[in-house]
Amino acid sequence: MKRPKRMLEDLDRDIREHIETETRDNIDRGMSPEEARYAAMRKFGNVARVKEEAREVWSFVRLEQFWQDIRYGLRMLRKAPGFTAVAVVTLALGIGANTAVFSMVDSFLLRPLPVDQPSQLVVLAFQHKSGALDNQLSYPNIQDIQSQAAGAFSSVLGYDIGLDSLRVNGNGERLLTSYVTGNFFPSLGLKPYMGRLILPSEGAVPDADPVVVLSYSYWKSRFGGDLNVIGQKVSINARPFTIVGVGPPGFHGLHPLLDVQGYIPYGMLAVSGRESGFMSDRARASAFTLARLRPGVALKQAQTELDVVSERLSAEYPKVDEGIRFSAHSELLSRPDPDSGGQIVQVGTIFLVLTLLVLLLACVNVANFLLIRATGRRREMAVRVALGAPRNRLVRQLLTESVLLAVLGGVAGIILGVWCSAAIAGVNLKTAIPTHLDFGLDWRVFLFTLGVALFAGVIVGLIPALRASRADVNQVLHEGGRGIVSGRHRLRDTLVIVQVGGSLALLVIAALFTRSLKAVQQTNFGFDPAHVVNLSMDPKNLGYDDASSLAFYRNLLDRVRALPGVQSASIAFAVPCSYYSSSGTLDIEGYEPPKGQPAPNIKDNKISTDYFQTMRIPILHGRDFTSADDENSKSVVIISETMANQFWPQQNPIGRKFKSTDAKRVGPLEIIGVAKDARFSGLSGTIDPYFYVPLAQSVPPFVTLQVRTAAGTDSLLPALKSQVALLAPGLPLFDVQSMDDALDTMNGLLLFQFGAVLSGAIGFLGLTLAVVGVYGVVSYSAGQRTHEIGVRMALGAQPGDVLHLILRQGFIIVIAGVLAGLLLAFGVAHTLGDALVGVSPTDPLTYASVSLLLTCVALLACWIPVRRAMRVDPMVALRYE
Amino acid sequence: MSTKENRERIELLQGTLDLLILRTLLRGAAHGHAIAKAIEFNSDDVLQVEQGSLYPALHRLIKRGWIAMEEGTSENNRRAKFYRLTAKGRRQLVTETSKWDKLAGAIARILRPAEQEGKS
Numbered sequence: 000m001k002r003p004k005r006m007l008e009d010l011d012r013d014i015r016e017h018i019e020t021e022t023r024d025n026i027d028r029g030m031s032p033e034e035a036r037y038a039a040m041r042k043f044g045n046v047a048r049v050k051e052e053a054r055e056v057w058s059f060v061r062l063e064q065f066w067q068d069i070r071y072g073l074r075m076l077r078k079a080p081g082f083t084a085v086a087v088v089t090l091a092l093g094i095g096a097n098t099a100v101f102s103m104v105d106s107f108l109l110r111p112l113p114v115d116q117p118s119q120l121v122v123l124a125f126q127h128k129s130g131a132l133d134n135q136l137s138y139p140n141i142q143d144i145q146s147q148a149a150g151a152f153s154s155v156l157g158y159d160i161g162l163d164s165l166r167v168n169g170n171g172e173r174l175l176t177s178y179v180t181g182n183f184f185p186s187l188g189l190k191p192y193m194g195r196l197i198l199p200s201e202g203a204v205p206d207a208d209p210v211v212v213l214s215y216s217y218w219k220s221r222f223g224g225d226l227n228v229i230g231q232k233v234s235i236n237a238r239p240f241t242i243v244g245v246g247p248p249g250f251h252g253l254h255p256l257l258d259v260q261g262y263i264p265y266g267m268l269a270v271s272g273r274e275s276g277f278m279s280d281r282a283r284a285s286a287f288t289l290a291r292l293r294p295g296v297a298l299k300q301a302q303t304e305l306d307v308v309s310e311r312l313s314a315e316y317p318k319v320d321e322g323i324r325f326s327a328h329s330e331l332l333s334r335p336d337p338d339s340g341g342q343i344v345q346v347g348t349i350f351l352v353l354t355l356l357v358l359l360l361a362c363v364n365v366a367n368f369l370l371i372r373a374t375g376r377r378r379e380m381a382v383r384v385a386l387g388a389p390r391n392r393l394v395r396q397l398l399t400e401s402v403l404l405a406v407l408g409g410v411a412g413i414i415l416g417v418w419c420s421a422a423i424a425g426v427n428l429k430t431a432i433p434t435h436l437d438f439g440l441d442w443r444v445f446l447f448t449l450g451v452a453l454f455a456g457v458i459v460g461l462i463p464a465l466r467a468s469r470a471d472v473n474q475v476l477h478e479g480g481r482g483i484v485s486g487r488h489r490l491r492d493t494l495v496i497v498q499v500g501g502s503l504a505l506l507v508i509a510a511l512f513t514r515s516l517k518a519v520q521q522t523n524f525g526f527d528p529a530h531v532v533n534l535s536m537d538p539k540n541l542g543y544d545d546a547s548s549l550a551f552y553r554n555l556l557d558r559v560r561a562l563p564g565v566q567s568a569s570i571a572f573a574v575p576c577s578y579y580s581s582s583g584t585l586d587i588e589g590y591e592p593p594k595g596q597p598a599p600n601i602k603d604n605k606i607s608t609d610y611f612q613t614m615r616i617p618i619l620h621g622r623d624f625t626s627a628d629d630e631n632s633k634s635v636v637i638i639s640e641t642m643a644n645q646f647w648p649q650q651n652p653i654g655r656k657f658k659s660t661d662a663k664r665v666g667p668l669e670i671i672g673v674a675k676d677a678r679f680s681g682l683s684g685t686i687d688p689y690f691y692v693p694l695a696q697s698v699p700p701f702v703t704l705q706v707r708t709a710a711g712t713d714s715l716l717p718a719l720k721s722q723v724a725l726l727a728p729g730l731p732l733f734d735v736q737s738m739d740d741a742l743d744t745m746n747g748l749l750l751f752q753f754g755a756v757l758s759g760a761i762g763f764l765g766l767t768l769a770v771v772g773v774y775g776v777v778s779y780s781a782g783q784r785t786h787e788i789g790v791r792m793a794l795g796a797q798p799g800d801v802l803h804l805i806l807r808q809g810f811i812i813v814i815a816g817v818l819a820g821l822l823l824a825f826g827v828a829h830t831l832g833d834a835l836v837g838v839s840p841t842d843p844l845t846y847a848s849v850s851l852l853l854t855c856v857a858l859l860a861c862w863i864p865v866r867r868a869m870r871v872d873p874m875v876a877l878r879y880e
Numbered sequence: 000m001s002t003k004e005n006r007e008r009i010e011l012l013q014g015t016l017d018l019l020i021l022r023t024l025l026r027g028a029a030h031g032h033a034i035a036k037a038i039e040f041n042s043d044d045v046l047q048v049e050q051g052s053l054y055p056a057l058h059r060l061i062k063r064g065w066i067a068m069e070e071g072t073s074e075n076n077r078r079a080k081f082y083r084l085t086a087k088g089r090r091q092l093v094t095e096t097s098k099w100d101k102l103a104g105a106i107a108r109i110l111r112p113a114e115q116e117g118k119s
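If you read the sequences in order, they're chains U and H.
The first sequence maps to residues 0 to 880 in numbering that gives the first Met the number 0.
The second sequence maps to residues 0 to 119 in numbering that gives the first Met the number 0.
A couple of the hints might just be wrong.
Stated by the list, open to error - Below 25 Å or equal to it, Euclidean Cα-Cα: the simulated DSS-like pairs (lysine-lysine) are:
(1) U/Lys-633 x U/Lys-602
(2) H/Lys-101 x U/Lys-42
(3) H/Lys-36 x U/Lys-50
(4) H/Lys-98 x U/Lys-50
(5) H/Lys-36 x H/Lys-80
(6) U/Lys-675 x U/Lys-656
(7) U/Lys-675 x U/Lys-517
(8) U/Lys-594 x U/Lys-656
(9) U/Lys-299 x U/Lys-318
(10) H/Lys-80 x U/Lys-42
(11) U/Lys-128 x U/Lys-190
(12) U/Lys-128 x U/Lys-232
(13) U/Lys-50 x H/Lys-101
(14) U/Lys-318 x U/Lys-594
(15) U/Lys-42 x U/Lys-318
Keep in mind that the hints were calculated from the coordinates and are not lab data.
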């Protein structure tokens, strides 16, 4: 590359010489020296451009120009700090919202499990003919699939989740455990951090392997990263266990959201209160099951093989498995379970679309600012064109400026987005159950944000750049500074209409979600959460067995009921909307499930006396439990209204009997009462059947003390805590909170609140952007028309006429935007479907009030520039030129 | 003078100017000013080259390897750059010329009947 460089160095000399030669020729022809030189230079043309073009032939001119553009762009942005700040903040809000929402979608739906070859993992589920999809399989079925579908799956692994108590040196603490089959760790391809993991030989025999593997993070937090932990004896639910290893860092178990702290062989499930037979009974479907596809096997092939297995098992075990169909689902699409995966995808998509709309609005806003600026820079552009700048060069220059803006906005946006998602990840899930939410940056989030920022830069810059560079040199230079004809505003007006319309749609959706939350909050739960406080505890943390736990519960209730301010107190296993529940498969006397359908599986609760008083659930028929319904009396049960109607329609259920696999008693339970329906899980949709058994007849693994107080719940808490401490010194308490708070869980109101807050924030962003946009455009055009207004007023126009003149423009834009927005909102709201509860997606009140709000706010944004226009002094306006 | 016209002329010149330079150099090496003069002279001053645009064109041709540059002395005994046709350039001139003939013929055939219609 020596030659081109020399050529360019000599170019100056060559050109000089060329012009001199030409000058001499001209003199020879008889021109005066001055004339000759001038003629020679004119004939040569633009020296600067010739040099530029010659250099361009050789080099990386493009790159050079790029740097030049960037430097120039930065200089321009620095020169207009106010504009730059507003544009960057606007873009940062749009990009940040996208980063935040995408990082959530990424963490829930896109991030693969931290295991070997995660794409080979599939989730197994099953359903009977018309039943719902169930993602918990029975242990015998897992074993059969493992051996009979070996062509498709290299392994089939199962796990169950337990909430246990881990005691080390006399200190008990709750432990979230995963009971895993022996092939769990080998087939995930995981290596221990220390010691060993659960071995393939473990877990197949009930009660045979009392060993526990700690999760890395639990080992760090509870054991302080003690290297001597391997081999240490601990007790889990009062059973001696040995710590054999520490799991790999970053592995939190396979269950979505949960942060599993310990891994125990599947065969030890009895420790967690599982009744005997959990490994041999085909009807006890309780293990979450995943399978690893053999390399090269597609999901479809695996399904074909599963269909064969399903038919075989259906024929072999007609009593339990008749009509069963096992199915394999992509792990990514099965979060949190194969049945609801689609819904999460839907909600995620809705929010991504909403935030993209916000970004689009932000872009339109900035594009509008740029358009306004571009009008101010028409002279600059015209001069540059006149001086010989190629048109595409100008476009590139302007595009560089807007991409610079977008990159600055992107950097600010990614910071904002990460901060937002960290705030969301830190939200209180109202549970002492360890959870794991990680919305951190990964390459997907980063790429997404980068793409979004560049997209924004191009969108923002293209229109103004193309327009500005199209400026007609002659016209602009002759015009002086003015001469913007009002017809030219059409593009800008359209952009503002888009903006008003888009933010109206966002606001409508935000309002629908908020109304949905209100509707859910006002639902009649069937119980009264006000003035009730919950305290959860697990006496196994102190090594209590069932009998001593029960004695402790009775003492505690006696003392608490005696406290002043306590209206009633009771103890129960399940609390509404909590993350755990129990259920049993029922064998009802005189009831046969329809052909091809499994026996009914129904949720239950274990409760002390006074439970229905504390919850304010009325008993409709029969009687409540009394203290006489204890561990020595006959087994009794109270069923819910829905359960009574489902199994004993138009009959008196009192005195009827059924067996439940969840009951510790072997014999049948006799119905003694019917309680009014209450919502225990899911605050919307149909109410499932439910039943209650006495605490004394089926002691649960842990309980919640519930106290109804006369006044506020807070004042009573110290007294309640001291009663517990008095009876069971050192017993840890979990989830100490009012029942109102306890409803804000992922199963309860939390998702609705989350939706309302998130869409509210998005709607507010949209509103702000619309107001800024309308204000910007109207005030700019009013400013541009200062001269015109001055003339009009000098000619005798009244302020009212001016008001009319300016306001009309704003009004038309706003109304057009509102109409467009109503259509858009109508279209989007229909896709919300299930996400809205208790409010129609076309709720006229919402649409009307939001339109009114937006119109008022937007007209207010017009009002300020209009007032300024009305105060114009004709003389000032005219002299202004 | 509006920029629109300006731009059209440059586009027209681009390919043509290359051809004219090659043709001029067929008679022997020449320096920049001489090339410009030759083009004007040989076309009876019909083609007024904006002389500056010659230089980017020369550089372009060197880059393509159609002409080469060497140092020499001009008529007035000054050091100057001389441009001469390479073998590759010679071949290129042949193809370009025949291409040009075809194009000129085609345009002529299109224009002539149009002109007649216009006159009638």
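Hint numbers not upheld by this structure, sorted from lowest to highest: Violated hints: 2, 4, 9, 11, 12, 13 and 15; rest satisfied.
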